[in-house]
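Visitor: Guided by the hints, dock chain B onto chain A, whose structure is given.
Protein sequence lines, in the order shown, are assigned to chains A and B.
With my numbering as the guide, the letters of the first sequence map in order to residues 1 to 431.
With my numbering as the guide, the letters of the second sequence map in order to residues 1 to 245.
Just so you know, these hints were derived from the structure itself, not from any lab.
Since the model is a prediction, treat every value here as computed from it, not as a measurement.
Using N, Cα and C, we set each Cβ at its ideal position, and we do this for glycine too.
No false leads were slipped in.
Computed from the model, here is a short list of chain B residues facing chain A with C-beta under 7 Å:
#1 Arg72
#2 Pro79
#3 Phe96
#4 Arg99
#5 Leu100
Computed footprint of chain B on chain A, listed as stretches where at least three residues anywhere in the stretch have a Cβ under 8 Å from a Cβ of chain B:
#6 11-23
#7 262-269
Taking CB as the label site, the calculated pair distances span:
#8 Asn36/B / Leu354/A: 35 to 41 Å
#9 Gly12/B / Ser17/A: 40 to 46 Å
#10 Asp197/B / Leu354/A: 52 to 58 Å
#11 Ala348/A / Arg52/B: 26 to 32 Å
#12 Met277/A / Gly159/B: 25 to 31 Å
#13 Leu354/A / Arg126/B: 28 to 34 Å
#14 Phe368/A / Ser107/B: 56 to 62 Å
Below are the chains, spelled out letter by letter.
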Amino acid sequence: MISQVLAIAIKDLRLLSRDRGALFFTIIFPVIIAVLFGMVFGRMSTPGALDVVVVVTEEGPLARSFATALQADPALRVEIAENKERAVEIVRRGKAAAAIILPDGFDARAETLFTGGSMPLDLLGDPSRAAELGLLEGKLMEIGFRQFMLAVTDSDRLGRQTTDIKRQLENSKDLSEGERSAITKIFAGTQELSAVRKAEGEKQTKKVDGMSEFRPVRIRTEMIAQNKADPPSTYAVTFPQGIVWGLAGCVMAFVTTLASERAQGTLTRLRAAPLSMHLILASKGLACVVSSMIMQSLILALGWFVFDIRPINLPMLLFAMLVIAISFTALAMMIAALFRSGGGTDGAGRALILVLAIVGGGSIPLVFMPPVLKSISVVSPFRWAIAALEGPLWRGGSISDQFASIGSIAIVGLVCAVISLGGMARWRRGM
Amino acid sequence: MLILRDLRRAFGSLQAVDGVSLQVNRSEVVGLLGPNGAGKSTTVAMATGLLRPDSGEVEIVGYGEPMRVRARREVGLAPQELALYEGLTAIETLIFFARLYGAPVHSGAIQSGLEEVGLASRGKDRIGTYSGGMKRRLNLAVALIHKPSILVLDEPTAGVDPQSRAHVREIIRQRAAAGCAVLVTTHDMEEAEKICDRIAVMDQGKIRAHGTLSQLVAAHGISQGTHARGLEEVLLNLTGRSLRE
Chain A
1 MISQVLAIAI KDLRLLSRDR GALFFTIIFP VIIAVLFGMV FGRMSTPGAL
51 DVVVVVTEEG PLARSFATAL QADPALRVEI AENKERAVEI VRRGKAAAAI
101 ILPDGFDARA ETLFTGGSMP LDLLGDPSRA AELGLLEGKL MEIGFRQFML
151 AVTDSDRLGR QTTDIKRQLE NSKDLSEGER SAITKIFAGT QELSAVRKAE
201 GEKQTKKVDG MSEFRPVRIR TEMIAQNKAD PPSTYAVTFP QGIVWGLAGC
251 VMAFVTTLAS ERAQGTLTRL RAAPLSMHLI LASKGLACVV SSMIMQSLIL
301 ALGWFVFDIR PINLPMLLFA MLVIAISFTA LAMMIAALFR SGGGTDGAGR
351 ALILVLAIVG GGSIPLVFMP PVLKSISVVS PFRWAIAALE GPLWRGGSIS
401 DQFASIGSIA IVGLVCAVIS LGGMARWRRG M
Chain B
1 MLILRDLRRA FGSLQAVDGV SLQVNRSEVV GLLGPNGAGK STTVAMATGL
51 LRPDSGEVEI VGYGEPMRVR ARREVGLAPQ ELALYEGLTA IETLIFFARL
101 YGAPVHSGAI QSGLEEVGLA SRGKDRIGTY SGGMKRRLNL AVALIHKPSI
151 LVLDEPTAGV DPQSRAHVRE IIRQRAAAGC AVLVTTHDME EAEKICDRIA
201 VMDQGKIRAH GTLSQLVAAH GISQGTHARG LEEVLLNLTG RSLRE
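If we strip away everything but chain A, and leave its shape as in the complex, we get:
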């Protein structure tokens, strides 16, 4: 019995592999959809700039100046959050690569730049975006230097700081009288320089050499896990969409082979062979499941290795793929069982699959769908297939959430299987 089942399944897969039209709609077309839609949706968002969220926990001129400098930088797309919790939430949702926190006492610490201090920054980053975080640290250092240079050339601030330092010198008990006198002369010169600059107006200071060891910014980095509520890229959305079309191709290939078996009389020959009709359909179903699995694997492998869509739960993803393959085979069987003529199966089946695929999010992602269409989409098994794939692919969530999505498509498959069994009973009555 097993050798008979395998013989029919292998025969169907061999015929599928030699049918260029079926191959195109099962593999090539879904890939085109996935890549093309990914590019189109990708261009709809502004690429290039790195999304960061900034929190100023204590208002002050230096903190404000630093935040303004971040906002003005073309390499960054900055969102200001009211508090750290909100910033963390934004990063967890994947809306930003990192949160930059200007902590309490930022201004006070920034005032100590001339005495070896530095501006403190807390960087809360998404660990999956390590490369972007590295770039961001460099960018923060660059902005820190710019802020420092501004401080150096800000005569008011320079004067204020030297006055403070002079007062500290006068009160210092650790210095000898000679040392105190010498250092006081230096700062007197600095104050004079500040006065001259003020008189001449602010001038752009040339780049200061020999400051490679100087770090105006002290970054304390902390990683926060993203909950993946949003896709890491548009391709993560469009590849499941592509798989929808691949599933449609597999279902149609199955329905078409059954229709052509009827039309060509080969089904008669199979039925005359020593195996039951259920076994014949199970064999053809096995071919449909295998072709669906191959198609899903190829598309997801392409997404992984070329578009860096790394599944967050691979075992769950494989399980979802298997359930989807079986459920869509049940859908194909239902179509084949409902229409008795080969032409009816082929024509009506194609129309039904096309409508279900479009409504289920094959052409427009669910997030962009108008509310009415989104409500209608619940009847489409393609919608549930996308949901079942997205969970372990990028959406994440709890295991029970992911099982719920996979369970939904399994229920759809079960309903299709029950209906197809009813249809096959009609066939048998006609025998």
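Guide: Below, chain B alone, put in the same frame as chain A:
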């Protein structure tokens, strides 16, 4: 041996087969003749277990009714349609059907099957590239690949050239000589005369006459006072000359 006993089958109000009884013995070729719509294909479908009779029974002697898996292994069917997968080669086709019937699939068995129908040199070509005659011969080879004891051939030479026709007839006779029970439906009077040991003439779901060619001519060959020259006259005398749908 194949035995049909009082088979009846209706489709809605149409009584397609109405009390057909027939026996096909080992080493015997029995022809089922009749105009279109006579009930030949329905009878063949019931004989091979594709269709359940409303009443009556079919017996594959020693194996039971043809719905049984064991009984089906004993039957080779060549349907009227060229029931072949055009995307497969002849070798792949024979291996596939041999597997379905649990027959040997080694290259010797497959090559022998191809040689029998004169397709050994084209075994690796896809069926889609074959002529009608080649497809018809392969259609027969599929029915023969598991060496059945009963052959049911539904118009096995329809639409083929004289060479292929002669080859197919020869194969049928050889298989009968080897002990096979063969049931053939045909419109071709010449074919029936040449290969059938006995002939059953069917019309409107019933067997109108049954016997050897000479018995039929003797019994039904008188037409308007003239002795019929052949089977065609017998058929026309039994089924009438009005056109059928």
